[in-house]
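The listed protein sequences correspond, in order, to chains F and Y.
Its first residue numbered -13, the first sequence is counted upward by one per residue in this note's numbering.
Its first residue numbered 152, the second sequence is counted upward by one per residue in this note's numbering.
Quick caveat, the hints were computed from the structure, so don't treat them as lab data.
Backbone N, C-alpha and C fix where the C-beta goes; we use that ideal spot for every residue, glycine too.
Be a bit skeptical, because a hint or two may be false.
Away from chain Y, derived, C-beta distances all over 12 Å, residues of chain F [unchecked claim]:
| hint | residue |
| --- | --- |
| 1 | L75 |
| 2 | E80 |
| 3 | G200 |
| 4 | R201 |
| 5 | L226 |
| 6 | S228 |
| 7 | S256 |
| 8 | S306 |
| 9 | Y363 |
| 10 | I409 |
| 11 | Q449 |
| 12 | G544 |
| 13 | N566 |
| 14 | I615 |
Straight-line alpha carbon distances no greater than 30 Å define the calculated BS3-like cross-link-like pairs of lysine-lysine that follow [as the list claims (entries may be wrong)]:
| hint | chain 1 | residue 1 | chain 2 | residue 2 |
| --- | --- | --- | --- | --- |
| 15 | F | K124 | Y | K471 |
| 16 | F | K49 | Y | K463 |
| 17 | F | K54 | Y | K463 |
| 18 | F | K259 | Y | K445 |
| 19 | Y | K212 | F | K49 |
| 20 | F | K125 | Y | K463 |
| 21 | F | K243 | Y | K471 |
| 22 | Y | K166 | F | K121 |
| 23 | F | K125 | Y | K166 |
| 24 | F | K125 | Y | K212 |
| 25 | F | K245 | F | K341 |
| 26 | F | K31 | Y | K175 |
| 27 | Y | K212 | F | K54 |
| 28 | Y | K445 | F | K54 |
| 29 | Y | K166 | F | K257 |
| 30 | F | K575 | F | K557 |
| 31 | Y | K166 | Y | K201 |
Under 7 Å between C-beta atoms, here's a sample of chain Y residues computed to sit facing chain F [stated by the list, open to error]:
| hint | residue |
| --- | --- |
| 32 | S219 |
| 33 | F485 |
| 34 | L487 |
| 35 | Q489 |
| 36 | D490 |
| 37 | N492 |
| 38 | N495 |
| 39 | Y501 |
| 40 | D502 |
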Amino acid sequence: MNYFYEILNKRIGYSRVGRIKLSKEPKKYVKTPNVILPMRNFLMKDINFLEGFEDHGIFLISKEVFLKIGFLRDKFKNTTFIFTHTGTLQTFIEILENNIDIFSEDNIILLIPFNIPTTILDGNFAKNEILYHLKSVKKLLENFPNLNFGLSIKIFEHPQFLDLYSPLIKENKNIKLLNLLDFFTTNTNFKNVLDLIISIKQNFDNNLVLMASGRIIPKYFPILIYLGIDLIDSSYLLYLTSENFYDTIEFVLPIHKVKYFPCSCVACQSKLKNFQSLKYSDEIFEYLCLHNLITAKTYMNKIKQYLRTEDFRAFVEKTSFDDVLIVSILKVLDRQYFDLIKYETPITDSFSTVKCFGPSSYYRPDFQQFRERLINYFSPETWTKLIIIFPCSAKKPYSASKSHKKFQSILRKFPDFPGFQEIILTSPLGAIPRQLENIYPVNSYDISVTGFWDNEEIDLASQMLVELLKKYNTKIPIICHVSDKGYKEIVLRAQKQLPNQFYFTEVYKNLTTSDSLKSLENIVKNLKDSFDLKENIPKYYSKSWVRKLVKIADYQFGSNIGMKIFSKGIKVKKNDARKNLDIIDIENKKLLGKFLVKTGQIELTLNGAEILSAIDKEFNILVFDGDLIKGNTLFRPGIVEFSQNLIPNNYVIILDKSKKSVIGLAKLIVGSNYIKNSSNGRIAKVYEKIS
Amino acid sequence: MKKSVNSNTIVENIKAIRDRTILKRKKFTNDQLNKPVSFWIKDDRLLNEKGKEFTIILRTKGCSWALSDSGGCSMCGYINDSSIENIDDKHIINQVNHAFQSKLEEIRNEGKNFILKIFNSGSFFDESEISEEVRNHIYQKVYESDNIEEFVIESRLEYISKMKLIDLKNQLNNKYIELAIGLETVNDYIRNTYINKAMFYDDFLKVFRICKEIGIGVRVYLLFKSPFLNEQGAIDDCVKSIINLVNLGVDTISINPINIQKGTLLEYLWYQNRYRPPWFYSLFKSLRKIHELKKDSTFPRLISNPSGAGTKRGIHNCLKRECNQKMINILRNFVLSQDFNYLNKKDAYYDCDCLTRYRLQKNFH
């Protein structure tokens, strides 16, 4: 397979897990994201460095001496190197020409440098410099069409200059990596950072590996990865070392000010403490350098772990609490670029808890996606005659909590209970219909509950409540069983915008006392028949799980789709082994799909997909270039058409080339923006197909 | 002369700073105009042996390039020593006479051979700076000085004509003459875009050939670490330039590490921490590399007498006096002897802890 970079999983924001194939050995990869460690003569003489990093996957080399064949082939044949030159482009080309055999064969990525000029006078100057530089680069790429290159990009704080690189990048398929030089430092204009990233993601091949280098400290690693950076050059840590700085991630301190060493690495455990008082010495540089590089690598490992099994967005938010630049980036990315980033953010994830820390979490893309999708795709059950508003609970799903069990025990006393629409108010997800309490992120979020709400939380929830309630007949009564000041405020604000009648229960001490529950029961009794319902509950749709699955199907596949797929009636059967639920067509007993408890998604079978495809041929589809799928992965070259609204981790139907037949079902690895901006790579994991 | 390669931006910036500096200038008195800017005698490398240099810096009207609408070179502040206004020939003659009179005794007593360098921080052959009458007076002085074996003058290319060179050669046929040209680098782009020299390599080659034809030596000034270059870029540029010039067969290469002069664009960048003068280590690295690459070649005379060496504005390592003094000594020993062994890394001189800092920081300067 002829590829350079392959995406394995999409994560929240632009973050992604992937791998670069470079080594001569078969099946040897460098996983991304990753930190690139600088290789220097003096480090190579340090046994601690060699021992500590011998298994590290990727190094940066800038000296011709390291290209010696013996060194590369014998010691580091499983390692990837990025070779660049820190001086002129001309000298880089000379080195390339002198070592062409090595570069053609070995595990080295050639990174075209752009070191000169070191600074600019104004935008015009910068533009001319870029154009001049690109002339030489173009010649270089034309002379070596069979080598893969990385291209260093400088935009000199003018994101629009990315357009100058665009023709070169698009015309030369042997550019596999973009190195963003100095686009991210403590003095960076965060808007420039975002403009650049968005521009790259929207306009260039998304299989280009993104590398960041320059004055980057480990504190910024999480946000860089969130922005889609795959490789981070840690060479700046050598500079910090030379100025006697000790990196602790949260801050960078002069070594002589460090009283308590927060690290147990080999450098900190051994002689670093002893040399602390020496201002400039070779010994202190050696240990300090080792510590700083170990810190970078360890931190990257932590990030990689978070990406794989934990809530990475929460981790990035935590890092923002001591840096305003990160706060700004997250804020603007969330608010201004959501319409783009929603196609990068998985619709579901499967970590145990999604943490909300406050305002920084309200507009996380997965939360926004949830709120938007809910409003767009949730449609009222036509037999609804009463709406009841409850507060959320700490335990998820809400039905499993003691409080909600008590609420439901009251409501289930009424045989017309299926005609009641429960809506649960929560921060920061807003207003949740009961039917969607089992989906992501409702099923796994956690937020601090103190009784103190900020204005933004209240606003978010009340707006969502308004949007939801607007879908209902205004004559349907709305009962509010809430006591907390925050919840009440949400309802009162919604009330001001709606013509509906709101009825508040009497609360005695708290919502679950027998008196409070009695009040709820009485109000329900009095109001349940006040709305003149013209429609009866369809057969089979009175059961809670059936109601849920219909609305979950709407959420996943589109408004009102659920009733259409399950139009003949369904029964739900628990699959004990996997704790999932089988969805079975009552009439023909066919398995239409499964509800996966962990992810909160419906995974259709071919039976279910056939029905969905007959209803809507444009929603969530991939058109395959053929009639039969081989293997379990769908790759980009095999896709001839795709829906424009695809989101990672959502399910898709695969149609044949003629678009007449369903030939498979898959779970998306990537979203539609990636599919649009790539010519190869994994797109979806096929879980069912016709043979 | 061909049109300059690049943008008006650098010209505008240079000119703005230059104009501001010139405005603040005070007029020179008559007494000042009758004396050179500076003159000195010190050890130097003659073509084939150690000797002495007698250098005179004349105060003329000033470099025409610096006074033009271009603003001049981005790193040069020598215009600050010039009168700007037209200056009488008699003043310049007085300057030459003053220098000679002051040093005549010393020159005679030294018993060594001298190289006389007459610099006007402009162009010796520019009539607006040095007229024919003044030139002839200088030639006469040089001709009459027995101890003076070599004679060096400098000029921009556009003021050099075959006729003037022949005249010079004829008048000083008993001396070795070198024409110094501020080529700065063999790279046209760096020279014209970053230094704003408005000079092309092809034009230099034409002049070089004329000099060879007539029998006048060519001395090339190379600027070490031009503005907008980083440390490794400086090394690359220096190595490439010297190799080219060695292959070409120039007679002397004078490597001039940058020093930050007042009233220049470079000073403006330096104030903002956007430029750092080079490290000694980089200069020595360049020289060692050239020696390694051209081991079997005949080298021209390589000299380097950096201004401001060891200070923040000049070439320096750390700011420890001892470290920089060692470096200055190494360089001086190399220049006087032309022996590359003085630059050997294993020498005990390389024992300052700033060497490690240099290695760690180099990529960020």
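Structure-based check of all given hints:
Not every CB of chain Y is more than 12 Å from the CB of L75 of chain F (nearest about 9 Å), against its label as outside the interface. The Cβ of E80 of chain F does not lie farther than 12 Å from every Cβ of chain Y; its closest approach is about 9 Å, which violates its non-interface assignment. Its closest Cβ contact with chain Y, about 9 Å, brings G200 of chain F to no more than 12 Å, contrary to its assignment away from the interface. Not every CB of chain Y lies more than 12 Å from the CB of R201 of chain F, the least distance being 7 Å, so the non-interface label is violated.
Listed as outside the interface, L226 of chain F is inconsistent with that label: its C-beta sits roughly 9 Å from the nearest C-beta of chain Y, within the 12 Å cut-off. Remark: the non-interface label on S228 of chain F conflicts with the geometry, its nearest Cβ contact in chain Y lying 4 Å away (cut-off 12 Å). The beta carbon of S256 of chain F sits about 18 Å from the closest Cβ of chain Y, which is more than 12 Å, so the claim that it is off the interface holds. Annotated as non-interface, S306 of chain F keeps its C-beta farther than 12 Å from every C-beta of chain Y; the closest such distance is 26 Å.
Here Y363 of chain F stays apart from chain Y, with its beta-carbon at least about 52 Å from theirs, past the 12 Å limit. Every CB of chain Y lies more than 12 Å from the CB of I409 of chain F, the least distance being 57 Å, so the non-interface label holds. Every CB of chain Y lies more than 12 Å from the CB of Q449 of chain F, the least distance being 48 Å, so the non-interface label holds. Non-interface status of G544 of chain F relative to chain Y is upheld: no Cβ of that chain comes within 12 Å, the nearest being about 54 Å off.
Non-interface status of N566 of chain F relative to chain Y is upheld: no Cβ of that chain comes within 12 Å, the nearest being about 55 Å off. Under the 12 Å C-beta cut-off, the non-interface status given to I615 of chain F relative to chain Y holds; the minimum distance is some 49 Å. For a cut-off of 30 Å, the pair hint linking K124 of chain F to K471 of chain Y is broken: about 45 Å separates their Cα positions. Of the supplied pair hints, the one linking K49 of chain F and K463 of chain Y holds, its CA atoms being roughly 29 Å apart against a limit of 30 Å.
A C-alpha spacing of about 38 Å is found between K54 of chain F and K463 of chain Y, which places the hinted pair above 30 Å, so the restraint is violated. Under the criterion of a C-alpha separation no larger than 30 Å, the hint pairing K259 of chain F with K445 of chain Y is inconsistent with the structure, at around 47 Å. Using a Cα cut-off of 30 Å, the hinted pair K212 of chain Y and K49 of chain F is violated, with the two alpha carbons roughly 48 Å apart. For the proposed pair K125 of chain F and K463 of chain Y, the alpha carbon gap of about 40 Å is over 30 Å, so the pair is violated.
In summary, the hint linking K243 of chain F to K471 of chain Y is supported, as the alpha carbons are separated by about 24 Å, within the 30 Å threshold. At roughly 29 Å between alpha-carbon atoms, K166 of chain Y and K121 of chain F fall within 30 Å of each other, so this suggested pair holds. For the given pair, K125 of chain F sits about 35 Å from K166 of chain Y by alpha-carbon distance, which is inconsistent with the 30 Å threshold. A C-alpha spacing of about 46 Å is found between K125 of chain F and K212 of chain Y, which places the hinted pair above 30 Å, so the restraint is violated.
With a C-alpha separation of about 33 Å, the suggested pair K245 of chain F and K341 of chain F falls outside the 30 Å cut-off, and the hint is violated. Proposed proximity of K31 of chain F and K175 of chain Y is contradicted: the alpha carbons are some 55 Å apart, above 30 Å. A hinted pair counts as satisfied when its Cα atoms are at most 30 Å apart, and K212 of chain Y with K54 of chain F does not qualify at roughly 56 Å. Straight-line distance between C-alpha atoms of K445 of chain Y and K54 of chain F comes to about 21 Å, which keeps the hinted pair within the 30 Å bound.
Between K166 of chain Y and K257 of chain F, the direct Cα distance comes to roughly 54 Å. Violation of the 30 Å bound is thereby established for this hinted pair. Distance check on the hinted pair: K575 of chain F and K557 of chain F sit about 9 Å apart at the alpha-carbon level, within 30 Å; holds. The straight-line distance between the Cα atoms of K166 of chain Y and K201 of chain Y is roughly 41 Å, outside the 30 Å bound, and the hint therefore fails. Look at S219 of chain Y: its Cβ only gets to about 19 Å from chain F, farther than 7 Å, so that hint breaks.
With a least beta-carbon distance of about 23 Å to chain F, the hint placing F485 of chain Y at the interface is violated under the 7 Å criterion. For L487 of chain Y, the shortest C-beta to C-beta distance to chain F is roughly 30 Å, which exceeds 7 Å, and the interface hint is violated. For the restraint placing Q489 of chain Y at the interface with chain F, the shortest Cβ-Cβ distance is roughly 26 Å, beyond the 7 Å limit, so the hint is violated. With its C-beta approaching chain F no nearer than about 26 Å, D490 of chain Y sits outside the 7 Å limit, and its interface hint is violated.
For N492 of chain Y, the suggested interface contact is broken, since its CB lies about 22 Å from the closest CB of chain F, more than 7 Å. Nearest Cβ of chain F to the Cβ of N495 of chain Y: about 17 Å, over the 7 Å cut. The hint is violated. For the restraint placing Y501 of chain Y at the interface with chain F, the shortest Cβ-Cβ distance is roughly 12 Å, beyond the 7 Å limit, so the hint is violated. At its closest, the beta carbon of D502 of chain Y sits 10 Å from a beta carbon of chain F; the interface hint therefore is violated under the 7 Å criterion.
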